[in-house]
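J.: Single-letter residue listing:
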Amino acid sequence: MTEPVLRLEKLCKRFGGLLVTDEVTLDIMPGELHAIIGPNGAGKTTLINQISGLLASDGGRISFAGRDITKLPVHLRAALGIARSFQITSILSGFSVLDNVALAVQARCGTSFRFRRGVAQERALNDNALAVLDEVGLSGSAAVRAGALAHGERRALEFAMALAMQPKLLLLDEPMAGTGREEAARLLQLLHRLKGRFPVVLIEHDMTAVFALADRVSVLIYGRVLASGPPGEIRADPRVIAAYLGDEVE
Amino acid sequence: MSRLHDARDTPMRLAWPLAREIFPVVLFAALALIPALAGLLGQQYVLSLFGRVMIFAIAAVSLDLLVGFGGLISFGHAAFIGVGAYAVGILSSHGLREALLSLPIAILASALFALLTGFVCLRTKGVYFIMITLAFGQMAYFTASSLAPYGGDDGLTIAARNTLAGFELLRNQWFFYYLVLGSLLGTYLFCRGLVDSRFGRVFRGAKENAVRMQTIGFDVYRFQLTGYVIAGGLAGLAGFLLANATEFVSPAYMSWQLSGELVIMVLLGGLGSLHGAIVGAAAYLFLEEWLSGFTENWKVIFGPMLVLVVLFAHGGLMGAWNAVVQKVAQLQPFANGAPARD
Amino acid sequence: MNAALLIVQVLNGLQLGVLLFLIAAGLTLVFGVMNFINLAHGVQYMLGAYLAVTFYDLTGHFLLAAALALVAALVFGLLLELLVFRHLYYRDHLDHVIATFGIILFLNHGVKVVWGSAPLNLPIPEALSGSVQLADGLLYPLWRLVIIAAGLATAALLYILIGHTRLGMLIRAGASHAAIVSVLGVNIQRLFTIVFGLGAMLAGFAGIMIAPILSVEPGMGDTVLILAFVVIVVGGIGSIRGAFVAALVIGLVDTLGRSFSVDVLRLMVGPSAARTIGPAIASMLIYLLMAFVLYFRPTGLFPVRGR
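Residue numbers (this note's numbering), protein chains in the order written: chain A, 1 to 250; chain B, 1001 to 1342; chain C, 2001 to 2307.
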């Protein structure tokens, strides 16, 4: 039996009196695309923030590749290979598209405590970055200021930055949100291509995407995992239908 | 491979890339010629005025590094000038007058102070950061004021300027002027290189989006602390030069009013261009010289002027200059392309 | 060090604390609700003192002078808000800092032009001058007790205002969610103006109360301002409760520190060393305290949620 890449054990998070993450226990297996669905306010983003380290957990344990990372700071988790995207796309708007990705490459390639040589000239970083941009289809915009990109392109840039980290786990927080049909289709294609390379945790509301991509689906209601299993099983689960899917099932 | 250009996050993106290279050259050339001008006019006073401008310019450049590139609005930067100056003063009062000793000590002392205070400050953000740097600046000021053996409130007169390798070179006004100019040039070039380096890109990225930088794998705190210490050390250099220039040190060198004036200099010149800080320092000090000729209470005029600048003039002097350059560039066709960088 | 001296210094510490609270309260409210850093708050305190002196010179009657000064301070504060601050609320903090710094320069030197640079004085009202006997051989100035009482009364009034009135509810809501409050149909600009006016009055009031025991001179607001900043940073920006607790703590630490640091150090390092470094340590104490608090709680002791 293979070891899970990410293991959450009874993870908790409290905001004042409100228990937002309620003893969540979950395993993410190597190579799987694991979707987390649930109504708004169920605590999905909070969970992602706990996994990536932006929020400290109030209880429970997070293990990554067998190692306890519950108290590890954000940047060290990233260095271990945990990459993420944000619900509201988070990029470096004032930098060029290339620089955004090159920075992600820079983070894992040698020390950044170099004070003299111009970084824009570093061939290795730039070539690497361009290759990643190629994969997401943005190499034509390498010199464009990131803030000038269209919404879908910014999402793609965020993907590129995550890919440039050569992640061992990718956390995606509603990547389809706000995208038009064409962009959504392109993102879907991209996700299909990435599937299997590394485990992905995908939070989504777009059920077409979820059921097209996911190997397993977990349903989060009021911070608790209601059900977890293959998409077919989840779709048919009466508890899930009652609590969330309802008439959304197509 | 598509054309690469460095899209630096500075409020002034020079329309005419060459201008970014030409302006500082012209600036430093002009500064180098000032002594000749002073000699011609027979005005030694000009030499000391420009010397003072350049010393504060060093501090302003180091502050621009923090504010313009790092997004760290430090309102206690004068403390580092003061620590550097007091290092010189204290060593001098104990008979240690050698610059080769005082200078590294001054820079290290300021850098150490920056490390200790930055350690706490950088755990805060936004307005907390502004206020805590202000408070630490005050702490330095009050500590210096209570150092009775070193003059306390009244300050400490330094018997004479430092010696250099045993020689009384700094007493020569011309030598001292070029020493200051050399320091300014060195500071400027160092900061330019720093900003373009690997470190610099992370530092700038942290200003742009610190959370993103962390989730890519950068320990933002460590980078910001390093930048803070570097800026502190450079301001210590300014302090060393200031103590030698005035042959006097006083707690006033650490006052929060001076810290505020440094921020104004940087803002006036235009954030994020480094040579803008030099221009801002010059503009501020010249304005001070000129206005105080009219009335002792020139700040009554200057205060509202400042408010108006903030309300209406974004980008400071360099911003205005760039706007002009842009207009001129639009009137002339010029050959394609950003020149190959550096 | 005897008990009498200790009691006197504790009272002095409370008086300083209460004064700091009056100033910090306005500062923290303005920042909490409008997200506006007002460096010029210190000069509003100074103006209160100067106006009290002038009105006393004109009327010869302390209470009347105080009332007029309070009104004048309010009017002046509202004028500042109308002419300058209103345009800055949605700008970034650097702009606030520079603009209010400019106001400080203008007013610090402006008062020199109007009143001259010589320190001025306001006599304590007859009935309240003199000392109170707290214990055998222990006399304490009555006016300082009045300040403490006034400060505590103001704190109580603020507590009622913020916690139990409609305005207070709006202030609390505005502190965390100004945009939402405005969408709910509340005139947000009017709320801002009221909050600013309140802050100006508190600062002016502090200035009026302190004028009889401190010399009124240009720049008197500057040191107090920095202390007020330390108070609100330690207390938690936007929190009146935090400002109250932090103000009292800082007032006590600073006063007791200055009085007893040399004595305490003497026990540790000997008299001459104590005399040299004692004052330096005393002036550093509250900043060390601030650093200590902020290291463990970067947003202060009572941070307001939503910031």
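Incorrect hints may appear among the rest.
[Stated by the list, open to error] If you want the footprint, here are the derived chain A segments under chain B, 3+ residues with CB under 8 angstroms: (1) 79-86; (2) 89-103; (3) 212-222.
Hints were generated in silico from the structure; no laboratory data involved. Beta carbons: idealized from backbone N, C-alpha and C, even for Gly.
J.: Each hint needs a verdict: does it hold in this structure or not?
T.: Hints and how they fare:
For the region 79-86 of chain A, the stated coverage by chain B holds: 3 residues have a C-beta nearer than 8 angstroms to a C-beta of that chain, and at least 3 were required. With 10 residues bearing a CB less than 8 angstroms from a CB of chain B, the region 89-103 of chain A meets the requirement of three and the coverage assertion stands. Residue count for the region 212-222 of chain A with a Cβ under 8 angstroms from a Cβ of chain B: 0. That is fewer than the three needed, and the coverage hint is violated.
The structure does not agree with numbered hint 3 stated previously, though it agrees with all others.
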